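We have chain A already, so just place chains B and C on it with the hints.
From first to last, the protein sequence lines stand for chains A, B and C. When we follow this note's numbering, the leftmost residue of the first sequence carries the number 453, and every step to the right adds one. When we follow this note's numbering, the leftmost residue of the second sequence carries the number 453, and every step to the right adds one. When we follow this note's numbering, the leftmost residue of the third sequence carries the number 453, and every step to the right adds one.
The hints are simulated quantities; they were obtained by calculation from the structure and are not laboratory data. Just so we're clear, the structure is a prediction, and the values are computed from it rather than from any experiment.
The list that follows gives simulated cross-link-like pairs (lysine to any residue, SDA-like), each with its CA atoms no further than 20 Å apart:
1) B:Lys-510 x C:Pro-767
2) C:Lys-774 x B:Gln-541
3) C:Lys-510 x A:Asp-746
4) B:Lys-510 x C:Gly-740
5) B:Lys-774 x A:Tyr-538
6) A:Lys-510 x B:Leu-608
7) B:Lys-774 x A:Asp-544
8) A:Lys-774 x C:Pro-543
To give a feel for the contact side, a few chain A residues facing chain C, derived at Cβ under 8 Å:
9) Leu-614
10) Gly-627
11) Ile-753
12) Gln-756
13) Pro-767
14) Leu-770
We put the beta carbon where it would ideally sit given N, CA and C, even for glycine.
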Amino acid sequence: MSDFVFNAWYAAGFPGEIGEGLLARRLLGLPVLLYRTEAGAAVAMLDRCPHRFAYLTKGRRLGDEVECVYHGLRFNAAGRCTRSPYQEQTPDIRIRTFPLVERDGIAWIWMGEAALADPADIPDHSHMYAPGYRTITGYQSYKGDWQLCNDNLMDLTHLFWLHTSTIGGYKEEAGPAPGEEYLVRQEGERIVGRNLTPNVTRAGVADNGVPPGVAYDQWNDIIWSCPSSIRFDIHAAPAGRRDVKPYMMQSHLMTPAGPAETHYFWTAVRSFDQDPANDAKWAKFFGGIFDAEDGPMMEDIEAQMEGRDLMDMRPVILPRDKGAIMARRTVARRLAAERGDLAAAE
Amino acid sequence: MSDFVFNAWYAAGFPGEIGEGLLARRLLGLPVLLYRTEAGAAVAMLDRCPHRFAYLTKGRRLGDEVECVYHGLRFNAAGRCTRSPYQEQTPDIRIRTFPLVERDGIAWIWMGEAALADPADIPDHSHMYAPGYRTITGYQSYKGDWQLCNDNLMDLTHLFWLHTSTIGGYKEEAGPAPGEEYLVRQEGERIVGRNLTPNVTRAGVADNGVPPGVAYDQWNDIIWSCPSSIRFDIHAAPAGRRDVKPYMMQSHLMTPAGPAETHYFWTAVRSFDQDPANDAKWAKFFGGIFDAEDGPMMEDIEAQMEGRDLMDMRPVILPRDKGAIMARRTVARRLAAERGDLAAAE
Amino acid sequence: MSDFVFNAWYAAGFPGEIGEGLLARRLLGLPVLLYRTEAGAAVAMLDRCPHRFAYLTKGRRLGDEVECVYHGLRFNAAGRCTRSPYQEQTPDIRIRTFPLVERDGIAWIWMGEAALADPADIPDHSHMYAPGYRTITGYQSYKGDWQLCNDNLMDLTHLFWLHTSTIGGYKEEAGPAPGEEYLVRQEGERIVGRNLTPNVTRAGVADNGVPPGVAYDQWNDIIWSCPSSIRFDIHAAPAGRRDVKPYMMQSHLMTPAGPAETHYFWTAVRSFDQDPANDAKWAKFFGGIFDAEDGPMMEDIEAQMEGRDLMDMRPVILPRDKGAIMARRTVARRLAAERGDLAAAE
Chain A
453 MSDFVFNAWY AAGFPGEIGE GLLARRLLGL PVLLYRTEAG AAVAMLDRCP
503 HRFAYLTKGR RLGDEVECVY HGLRFNAAGR CTRSPYQEQT PDIRIRTFPL
553 VERDGIAWIW MGEAALADPA DIPDHSHMYA PGYRTITGYQ SYKGDWQLCN
603 DNLMDLTHLF WLHTSTIGGY KEEAGPAPGE EYLVRQEGER IVGRNLTPNV
653 TRAGVADNGV PPGVAYDQWN DIIWSCPSSI RFDIHAAPAG RRDVKPYMMQ
703 SHLMTPAGPA ETHYFWTAVR SFDQDPANDA KWAKFFGGIF DAEDGPMMED
753 IEAQMEGRDL MDMRPVILPR DKGAIMARRT VARRLAAERG DLAAAE
Chain B
453 MSDFVFNAWY AAGFPGEIGE GLLARRLLGL PVLLYRTEAG AAVAMLDRCP
503 HRFAYLTKGR RLGDEVECVY HGLRFNAAGR CTRSPYQEQT PDIRIRTFPL
553 VERDGIAWIW MGEAALADPA DIPDHSHMYA PGYRTITGYQ SYKGDWQLCN
603 DNLMDLTHLF WLHTSTIGGY KEEAGPAPGE EYLVRQEGER IVGRNLTPNV
653 TRAGVADNGV PPGVAYDQWN DIIWSCPSSI RFDIHAAPAG RRDVKPYMMQ
703 SHLMTPAGPA ETHYFWTAVR SFDQDPANDA KWAKFFGGIF DAEDGPMMED
753 IEAQMEGRDL MDMRPVILPR DKGAIMARRT VARRLAAERG DLAAAE
Chain C
453 MSDFVFNAWY AAGFPGEIGE GLLARRLLGL PVLLYRTEAG AAVAMLDRCP
503 HRFAYLTKGR RLGDEVECVY HGLRFNAAGR CTRSPYQEQT PDIRIRTFPL
553 VERDGIAWIW MGEAALADPA DIPDHSHMYA PGYRTITGYQ SYKGDWQLCN
603 DNLMDLTHLF WLHTSTIGGY KEEAGPAPGE EYLVRQEGER IVGRNLTPNV
653 TRAGVADNGV PPGVAYDQWN DIIWSCPSSI RFDIHAAPAG RRDVKPYMMQ
703 SHLMTPAGPA ETHYFWTAVR SFDQDPANDA KWAKFFGGIF DAEDGPMMED
753 IEAQMEGRDL MDMRPVILPR DKGAIMARRT VARRLAAERG DLAAAE
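The shape of chain A in the complex, shown without the other chains (with noise of 0.2 Å):
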């Protein structure tokens, strides 16, 4: 079981989720009120009336007001009361709002102490609009440590056997060919790193604009961001050229709802097949593998560590974990340095 970090941007949700209506999301274990104001604002709110802490996604919208369902108290998208029926005088209460910005096609939460929320620190994903690419964006969960997902998407090795049939496309393969690449470096609290394979000739996803029969080189490029943002770059060339755009980007997003369950939003963004009639395809396809692969994979280990921290049970460390320890370090920093802790944070 991992803490959470609490200063941080993460994804609530994508813009498109946050509208008229009052949606109610469990995350960083609080339960948030999303909605939009006539104006076109992004709210995010706690969703707990002051009063009898009844859900107010359960009440109603009145313009950009919030009325709770169970006594009547209103509530502006600053959170203040502007109204308690049964008061003269409408009392001085606010509920806690979040700083929300929406930003790449993602909407990011800060549940953190606000005074430190700085939209600059929000990482990038502008490939999310990116021309000559057709993006779409999917949501999974899975009931279990949100850690896990970063250490899943971190060694990526885990393709040629959890995704032999799907999108580990060479399994026989499978194990370092000549060659191959593996780099990752810290830079600050972020992890950059490359996975390359030379001479593949079997095509997983798509053809990746090699001819074929044409052996050639693949490799994805990973942005790792503190505490759970994971960006890749997929690309493919033949043997020896690194001069090509990727052919697939993707971002992966980690929130925790509660302490073994965790949000995972993503997005793919490809420059093949840029036919808008199979987004729903393609979305299925990958969300799919997440929900019959991977999603099951960290339930299991959830399982197994019955409520103990991952570390804890001592994993046994291999030389493709650099880039997922590396990330988990980072974090432990962080937890320590949000509890004050300086010495275990050094």
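Structure of chains B and C alone, referenced to chain A:
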């Protein structure tokens, strides 16, 4: 999460439920066996054989005795063992029984110190048999702390929001009307109060005996008795008049089953619609409102509490919470007194 | 809730269950992988890859090796890692294996200190292959403490009440008959006993080889071995005679899955009805009784325990509990000894 007040009379059920069969009901965290002797006395006993802890309710009756289904031990209505088959001398074993009094159409149980059980302390619900009225009873339950239903019923302003489409019939005037009265006063361990709304023009449940189109005064007289007995007398009369009998009287009796599970026994005694054929319709109407509106609300609050005590979450207190807060304070004093914590009880 | 005795042989299953596939079974709170090598040896191994804790049973067999489905690590039947794909030198990793011995038609596992595992300590269930008898096996389970089934089987008087309509065939005489014998004695960590009822006139399961209308003596010889192996030899003979072979022999083997979940492996070895076509009928008969009568009773008791230890609830001890109490005391001594608590063990 609230503790339980033990030294109090609680509704264990309705007399008609207790008969030849062995009825199992969880009350204040304990399994209780209820049955009626051949002479007609209602019996309440711990539903647990002292030998291997089988539920006695899984066994069978032999006259007024109960035989355990596991190894055949028999107990009489006083809980005394009358046969242990493989023992020459019947052992001196007694199962705990509980004082049970049937009064006002309710079976009242005392699960605290038996020496303190005084039937004179049973709250008055004699309206159950008021001449000229027709009485129905009902049972619902919810997964939540028992005090949440006190809170719910002691602040009737929730009718205008939570029940707006069912019994909160005059929503457009929601909020205090000119001349509205809200009175509550402590009388020992009871709280007595009145809610009065003048100039009501739209009937709620019934036409209340007031001609259509005539503005009338509506008021509820309420008596709460510690820990969880509530009685409403609901009146309507032409403006300014008070000399009328209630058109409906209600009992609301909450008995904790366990820490987050509550039995809710209720009665509705009506002066309108004396047709017995409509009893089932009214029972479905009132029970349905609770199941659709009140019960889910209390389960939501229980979820928000996450095992905490509601008052420890520092709810905002509004003027119309006065009755509910007086009730909570009365309960808190009783709990402290039962714990022998005299300092806290003062 | 009972702790587990670890230094003991437990039934992990029946040999026929262990084969080519990767069988997952939870034993003593741990996930265990069971399979059989090509040479026919049964293997038991912790079902947890030491790298990221995936269940090995979700992977695949490659000859006698098992490959983890997550990142491709391979382990041989001794639990030793034989391949870590992205590592030049295969790391010196070992998964814990458990001694497993197939004897008397049972696969026995030892989950304590391997150095203490001595197959000579496996309790004798050789009646499984007795000539002239026909053997069936069965598996049931219940959600309850493992010792509850010891208690259940060590006091057979429950037949006359819990099983009155199934195998407790002479209910009207329930209770001690003249000349009835109940003998139990401790022999090291075994308890050996006899229950004898004289003058039985109504057969239970079978006619027991005694002509109809003839009163006969019926007796069970019982051997309990610590912690949870029970063997019954069930006899019937004309009054006063003892020189007969049992008409049925049974094994009852309880293996804790977890704190409140128990595997129950059983066998029934009969001298009557030698028709193989009836095996399924008998298996359904015995299994059905457990599932309808014993299992629910033990789950009821588990519910009454609410996480407590049964003995801490101070059950009334009756004369026929002697065997069950001797068994519980033997288990308590073993648990204390395993904890190194020598004082308590004496």
